[in-house]
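These protein sequence lines map, in sequence, to chains A and B.
Each step along the first sequence adds one to the number in my numbering, with nothing skipped, and position 644 is 650.
Each step along the second sequence adds one to the number in my numbering, with nothing skipped, and position 557 is 563.
It is worth saying that the hints were derived from the structure and are not from the lab.
Cβ coordinates follow ideal geometry from the N, Cα and C atoms, glycine included.
Possibly wrong hints are sitting among the right ones.
Here are the in silico distance ranges between beta carbons for each label pair [claimed, not checked]:
| no. | chain 1 | residue 1 | chain 2 | residue 2 | range |
| --- | --- | --- | --- | --- | --- |
| 1 | B | A453 | A | Q534 | 36 to 46 Å |
| 2 | B | I230 | A | K26 | 42 to 52 Å |
| 3 | A | N231 | B | K235 | 47 to 57 Å |
Some chain A residues close to chain B (C-beta under 8 Å, calculated; not the full set) [what the hints assert, rightly or not]:
| no. | residue |
| --- | --- |
| 4 | V175 |
| 5 | V179 |
| 6 | G180 |
| 7 | P232 |
| 8 | K235 |
| 9 | A238 |
| 10 | G268 |
| 11 | R269 |
| 12 | R273 |
| 13 | P335 |
| 14 | I338 |
| 15 | P436 |
| 16 | G444 |
| 17 | I449 |
| 18 | W526 |
2 protein chains.
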Amino acid sequence: MVISLCYILITISSSSQDNKKNLIQYVQPQIGLNNKGNVIPGPSLPFGMVKLGPDCVGGSNSGYISGERIKGFSHIHVSGTGGGAKYGNVTVAPLVGTLNINDYASYGINEIVQPGYYSVKLDKWNIQAELTTTHSCGFHKYTFPKSDSSYLLIDAGSFLDYAGNRTEVQFFVGSEIEIVTPTLIEGYTRIRNGWGKGDAYTVYFSAELDTPADEFGTWKSGLINPNSKYEADTGEKTGAFLKFQTHADQSLKIKVGISFLGRLKARVNREKEIPDWNFEAIKDQARSKWNNVIGRVSVEGGSDELKTMFYTALYHSMLMPTDRTGENPKWIPNGPYYDDYYAIWDTYRTTNPLLTLINPDKQIDFIRSLIDICEYEGYMPDARSGNDNGRTQGGSNCDILIADAFVKGLEGIDYEKAYLAMVKNAEVPPGGNEQKEGRGGLINYNALGYVSSDYERAGSRTLEYAYCDYAIATVAQGLGKTADYEKYKKRANNWLNLWRPVEDHGAKGFIWPKNADGSWDESYDMFQKIGYWTEFFYESHTWEYSFYVPHDMKKLIEMCGGEKEFVKRLDTFFNESFYNVNNEPGFLTPCLYIYAGRPEKTAERIQKIINENYNTSRSGLPGNDDSGAMSAWFAFHAMGFFPVAGQDLYLIGSPKFEETTIQLGNGATFKIIARNTSEANIYVQSAQLNGKPFNQAWFRHTDIKNGAVLELVMGEKPSEWGTDKLPPSMSDL
Amino acid sequence: MVISLCYILITISSSSQDNKKNLIQYVQPQIGLNNKGNVIPGPSLPFGMVKLGPDCVGGSNSGYISGERIKGFSHIHVSGTGGGAKYGNVTVAPLVGTLNINDYASYGINEIVQPGYYSVKLDKWNIQAELTTTHSCGFHKYTFPKSDSSYLLIDAGSFLDYAGNRTEVQFFVGSEIEIVTPTLIEGYTRIRNGWGKGDAYTVYFSAELDTPADEFGTWKSGLINPNSKYEADTGEKTGAFLKFQTHADQSLKIKVGISFLGRLKARVNREKEIPDWNFEAIKDQARSKWNNVIGRVSVEGGSDELKTMFYTALYHSMLMPTDRTGENPKWIPNGPYYDDYYAIWDTYRTTNPLLTLINPDKQIDFIRSLIDICEYEGYMPDARSGNDNGRTQGGSNCDILIADAFVKGLEGIDYEKAYLAMVKNAEVPPGGNEQKEGRGGLINYNALGYVSSDYERAGSRTLEYAYCDYAIATVAQGLGKTADYEKYKKRANNWLNLWRPVEDHGAKGFIWPKNADGSWDESYDMFQKIGYWTEFFYESHTWEYSFYVPHDMKKLIEMCGGEKEFVKRLDTFFNESFYNVNNEPGFLTPCLYIYAGRPEKTAERIQKIINENYNTSRSGLPGNDDSGAMSAWFAFHAMGFFPVAGQDLYLIGSPKFEETTIQLGNGATFKIIARNTSEANIYVQSAQLNGKPFNQAWFRHTDIKNGAVLELVMGEKPSEWGTDKLPPSMSDL
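Pulled out of the complex, with its shape left as it was, chain A reads as follows:
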């Protein structure tokens, strides 16, 4: 006890170190630009409302395509998403020569991609473009050649029209633009649909130039109106052009305030956040904010490449959701307001638990916002963008966020209110709005104990509803609602209703479609096909989803024929390439060996997965970053542990750094020491927690939240460590 206290004191005393280190040197936002990573190259603050960046010919989710011609620089983006594109609003583009508002794209050269700063030379125009941001504003600097006809275009009609999915394409609704003075241009863009299939959203802007335009005019639906001062909204695309005489290397600067409320709010955002014309100061401020926030984790040892991957992962994990506090056009929230997370299905496993560790105030605010949304719109979202809920992919996964926050003791959340919102998910069917909110097929699930194959995504829904029900049971227990606890704990067993003792590749027992009458549905190709919206499993197949019982691995292992059979099944899963590295349902699977007393196999799998899929190149992420979910997966494993989201539980893997120190946000730190770690020494030989022997491959958040030191001794051979005392399961209760 004395030793333990002593360790806590030490860790607390060192908690404020490291923030002055230059850590953003390690952030390379270009990691994940290619290979469908879909991250954004342009500047943003952490959780920033404005994410300014290039939009390219051809179209993509982020707007950007490496090597493609740049059409201009728009202010709103999301990072790492799949499906249909969203945003791409309020575009600024420079050009010289003859004004052509329909084709002004240029290849970019000498691109610089840094946190808080993006620069590119637009080759066709010989114009250097530089961008930085504050929370709500874009700051552009364009260095022109000598020309009598240099132009800046402000396009109030732009949006990303890339449709990864036919039903998720964005549609234009309207726009207006006004050249208030030769240095002040204001207006809005209104767009609907896109990912989530949400209602129309409106992006208002107020742009100020440092140089009055010599000539100007507007356009509507591609038709230029010279000298016109404004275009009202008639459901058509509008824009403004500003003409200048420039001498060689003359810079024009433009500050664009953005608001989701109104034009004057956009103006005030600009005036408050960027009061003068000092581009470098704003850029430095952005970089400093990033340095502070990623500096909450400091690491020792590990290559520069590893540090680059790690700090970039932290960076990617804090681009989304968007902090829109003070910018909700639908109601006045009771507290913070967040938008642009799609979906919690993606992020609850890694991004959100990472925030809980290194930025808990943001996670608390985010959850408060979910509860507030439920209060005003009826349900907590699984996904939200453009101020609208949708598109629910799996379960009501916000339930897991609530349970995760509850068991980890996050304060400042009204858990009674949150609990009502969880119960609504479990009890009130969303009817025809099941892609927008709530649980689709709920009546069927609650009546039968499974979603029958009459409904789409019946398999993934049943499994996810079961785990969400466990999350409800968890909070019910904590709030002393005993009857509810028993009720939802029982429902958490519902996955068993779809367990069928069929065999494939030597494994017996799989989740299988069942008809409403209780008979098995034989009409699906269960072992080969990866489903999508309308099939049995969402983005997955039965090999992957039959591992998804995070609350009762003990029972699952029993159903699979015991530990030995289970380990064999896991080996088959990875060896036969049934594992899909770039998809969330498999995020926890490499760690499942730990539940069968084989932590060394987890260490091996993770090492292999990282080496084969993560690096510092533009293709350095295995697929869609999914609001930082992929990046956060890596970040956890680099630190040497992984969360079982929704439970007070982390599983220990194999740290990449000799020492990792996490500032936990409450003044305390959690330090992970991995003695002798190396590419070869991936196996834990022994461990101590706060100086006491620690012979298990898992720990609780409540063990470390007030400060702790976990010391692991690594070696090149598997050991007996962690093979005996297994992580908890619902069946143990």
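For this one, chain A is given, so just place chain B on it according to the hints.
For chain B alone, kept in the frame of chain A given last:
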């Protein structure tokens, strides 16, 4: 045949007459200002977007209370509604003396209330206020006394906060205001909830003054900022004040353009619709538009009082819905766009059939808008306001509008698309959104054949769903969908599942709550209590709703014990005051005698109801005008017939005018002649349709739509006319 053709030719040739008559002399918008009529006193065009008028201290649905102090004049209202108030946005108010933005209300004297014009002297300030409108703009003229401190206030934070129902109160979301120049003030108000509990709506405005202000400033949350030019949106109420030196009788004029899209659209609306400062011209234009539209019906005979009641009823029937074509901020509609109808439950019985007769293009546009809304938002609305669906009271009554249009041959509607929307109502449950769209309790209804008493409004829902199913069957049949026709025709019998042979006041058989297990629910007070949202019947009781089987009166009469018993039951209903004159479920009931071969009793009841409840005073409507539903009920009966909405069927009552000529919108006219009609001569003795003997008390729309003359000979005693050939019922099929 020759005679008939001849009549048609005659009626066509006279179709364009009468439009030049001064008919608006008969329109007195003050009818229904009191006695909860809730109509609006201020000016509007037919279906006008701007309904400008006084808002009074104390609060009401229309903003107005006779004799109360006037707080100012706001631009958006709805007419005749109940429940929670909606709108009351963008208020202009004049005052003189010390600026006090918190209390500037004044009693009004010398009020003039006319179509297209409102005038009042604000007694406290000695200011004459005059108002007129175009479709999208308010035009104000304020005549001031001599003063060094005359003020105009523009309040961007105003809204009606009257809550007829606690959950339907409006909430403030945000506002902005900018004094662009001393004669140009622009901004917006954003409000949510109110009747229908809809999402936030935004009203943008652009106000121009004819006189530059000497001084000006803004306010936010009640705090004045002198000389400030703008207030951005921080979720607080904002406004602007403009100060003038006025000489005696100096008029200040202000034109306020409104838009639901944006500030510049509001500006353009103003500039287009009111290009100069001629108040009288705009007022004359408004009056002329009203004269044209009510002039589609011309009458001969009848007192001036009767004509006043009649033309005011036509006026009231064309205030709502609001034509918002070109003003939809959510998507670009495929055609017209209408808002502000709550609910179709109120209007499908009278207002909409009246439009179908005298303004069919509007009814077609309205239905096209419903189908368009379904395409973009998932369901056709039963009610809509502030660009959001809700709050569904009874069935999916838009189904009845579609059937009504279909059987009456309205062209330009995509009935295949409409049919899909109807079937969605009948098949896809709205889940937790049952007050917003679709049919609540649908799963239960479709499984059991009735809504069990586990659900609110189980009785009215079952009856209305049955009739809506009949409407679907009607369209299915017409589109050749035989299987669907049979399916929904069968469902149209579902009212029988709640028929219980209990007795009350000598009548046997009533609609009764039933449990899901088939047993009767004894827990309701069925004969006394009028229900509301959460009870068995919506706004009614079983005496009234047990008459609601408009598609199968023959079967209902049989269930009631035959014609004699049925007539006795009707007599009891009226004599015992079970009839509720101011509520829609009873609209058809006075006509039901006709189904039992007793048209003379219908004539008597209608005479009595009109004499006791309708007059030309401010209390001249029996209750909420309900978007003109009460007024249209009167208008039909004054003309001498009444529609059975959803069917190709009108029932003949007792005309008040000697001759009524309706321009049917297709160049043809329908003329009703009632020879010898008087207060005493209310009974039809004999009839001719197009010159041929016509011995039935009903006719079809398809009989008259290409022009017809219905000639009735009236007398003071009941006759045998109409007692034999009864109107059609589903059981006849």
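Problem - Status of the given 36 to 46 Å range, CB of Q534(A) versus CB of A453(B) - result: 37 Å, holds
Problem - Hint validity - G180(A) Cβ closer than 8 Å to any chain B Cβ - result: Constraint on G180(A) satisfied, holds at 6 Å.
Problem - Hint check, W526(A) versus chain B [nearest Cβ-Cβ separation less than 8 Å] - result: 25 Å, violated
Handout entry: Residue hint G268(A), partner chain B, criterion CB-CB below 8 Å
Key = 5 Å, holds
Practice task
With a cut-off of 8 Å on the beta carbons, see whether P436(A) makes it to chain B.
Solution key: Interface hint status for P436(A): holds (4 Å vs cutoff 8 Å).
Exercise for the section: Would you check whether V179(A) satisfies its interface hint, that is, whether its CB is within less than 8 Å of any CB in chain B? Expected result: 6 Å, holds
Handout entry: Hint validity - P335(A) Cβ closer than 8 Å to any chain B Cβ
Key = 6 Å, holds
Practice task
With a cut-off of 8 Å on the beta carbons, see whether K235(A) makes it to chain B.
Solution key: Violated. Min distance 10 Å.
Handout entry: Range hint compliance [Cβ, I230(B) to K26(A), 42 to 52 Å]
Key = Once the Cβ atoms are compared, 47 Å apart, the range 42 to 52 Å for K26(A) and I230(B) holds.
Practice task
Using Cβ atoms only, decide whether G444(A) comes closer than 8 Å to chain B, and label the hint accordingly.
Solution key: It holds, given that the least Cβ distance between G444(A) and chain B is near 7 Å, below 8 Å.
Practice task
Could you check if I449(A) really has its C-beta closer than 8 Å to a C-beta on chain B?
Solution key: 7 Å, holds
Practice task
Identify whether the interface hint at R269(A) stands, where standing means a beta carbon of chain B within less than 8 Å of its own.
Solution key: Because about 7 Å separates R269(A) from the closest Cβ in chain B, which is inside the 8 Å limit, the hint holds.
Checked against the numbered hints given earlier, the structure breaks hints 3, 4, 7, 8, 18 and satisfies all the rest.
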